[in-house]
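Asks: Each chain, letter by letter, is given below.
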Amino acid sequence: MKFVSLIIPLLFLIVFAVALLRRVKLYDCFTEGVKEAVPLLLSVFPYLAAMLILAELFEASGLSRMIAEFLTPFYRLLGIPPEISSLVLIKPFSGSGSTALLSEIFSTYGADSYIARCAAVAYGSGETVFYISAVYFAGAKKKLLRPILISLVANFSGVVLGCLLLRIF
Amino acid sequence: MNAIFAAIFFAACLLFLFSDPDLFLAAMLKGGQKAATLSLSLLSVYCVWLGFFKVMEKSGAMGCVSRAMTPLARRLFRTQDKEAISLAAGNLSANLLGLPGAPTPLGIRATQRFLAQNNGFAAEMLFVLNATSLQLLPTTVIALRLAMGSASPADIFLPTLLATAFTTLLGVLLLLAAETCGRKRRAR
Chain A
1 MKFVSLIIPL
11 LFLIVFAVAL
21 LRRVKLYDCF
31 TEGVKEAVPL
41 LLSVFPYLAA
51 MLILAELFEA
61 SGLSRMIAEF
71 LTPFYRLLGI
81 PPEISSLVLI
91 KPFSGSGSTA
101 LLSEIFSTYG
111 ADSYIARCAA
121 VAYGSGETVF
131 YISAVYFAGA
141 KKKLLRPILI
151 SLVANFSGVV
161 LGCLLLRIF
Chain B
1001 MNAIFAAIFF
1011 AACLLFLFSD
1021 PDLFLAAMLK
1031 GGQKAATLSL
1041 SLLSVYCVWL
1051 GFFKVMEKSG
1061 AMGCVSRAMT
1071 PLARRLFRTQ
1081 DKEAISLAAG
1091 NLSANLLGLP
1101 GAPTPLGIRA
1111 TQRFLAQNNG
1121 FAAEMLFVLN
1131 ATSLQLLPTT
1141 VIALRLAMGS
1151 ASPADIFLPT
1161 LLATAFTTLL
1171 GVLLLLAAET
1181 CGRKRRAR
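Residue numbers (our numbering), protein chains in the order written: chain A, 1 to 169; chain B, 1001 to 1188.
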């Protein structure tokens, strides 16, 4: 773990040192980059807001819990512990929501239990698909359904594989 | 996306009508509040990384990274555009290293560039790569397990790595298959 925490400071150090050697004006250059931050955020914000409001409705209305319960037999068939079904369902929508669920599972079942380890792999192998689509395709007119569906299918297969692997390891 | 939005919105709205109508607006406002706080933290992340990337670009280090990734990126994204390749290559490297927040600004700009060139396939490919998680080290999970008193917090490393490598590979293959099918149908 110690080595990993060195990556970021070293990266900055090396890049800035190279820039200095090449006579780049560091201050001018850095501020020029930061200038793009606000326009970038503005272009993304409407989609981000809509997606997060939707994620909140999805969870708070109990809809996610209902779907999770409905899917339980299907999950059991695929070897996914039903205890993590809400996590699998929330993960594509909300990063903070799934992090909260993950720590809840850890404290309920113990961080070293099979269920907690499945939850950890389910959390780590997937991504917040809808959130990324909102940010990356902000304002794009192209059809979005294909890449979203593909990513969801791939991530779900990853959860199935992860739970299977954890029985072996 | 419009269909998904409408479906979830109506289903949730109906559920609120029958359970607790007072909580409906509260939930929406909470979502809006999350958007506001998240935007601020995103802005701080963009400030640091966009500044850093500009320095990296001017120093020529970005050119090195993209040159190293070019043969792979050309095949993956089917483009010759150097600027787009260097943005996408930076996005992929930042993902692999797990630099928190760094992939997003590069990914957005690469996607915008791909779409402006009418290269929808490349935008989709970049999205699938990002949305199936490329991270080599699941830092959040390990930190959380450590905090919860796990005996060996990093023992999920290998299964997670295998699962995430599998998801990315499957995503890329599915997209390639879908693209080939779509082309054949258009040709017919």
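Among the clues, some could well be false.
[To be verified] Derived, one-sided and incomplete: chain B residues facing chain A with beta-carbon distance under 8 Å: (1) A1027; (2) Q1080; (3) T1104.
Everything labelled a hint here was simulated from the structure, so no lab data went into it.
Built from N, CA and C at the ideal position, the CB exists for glycine as well.
Asks: With a cut-off of 8 Å, does the beta carbon of T1104 (chain B) approach a beta carbon of chain A closely enough for the hint to hold?
Replies: holds (6 Å)
Asks: At a threshold of 8 Å, is the proposed contact between A1027 (chain B) and chain A supported by beta-carbon distances?
Replies: Result: holds, 4 Å to nearest chain A Cβ.
Asks: For the hint on Q1080 (chain B), just tell me whether its beta-carbon gets within less than 8 Å of chain A.
Replies: violated (21 Å)
Hint 2 alone, counting from the list given before, is not met by this structure.
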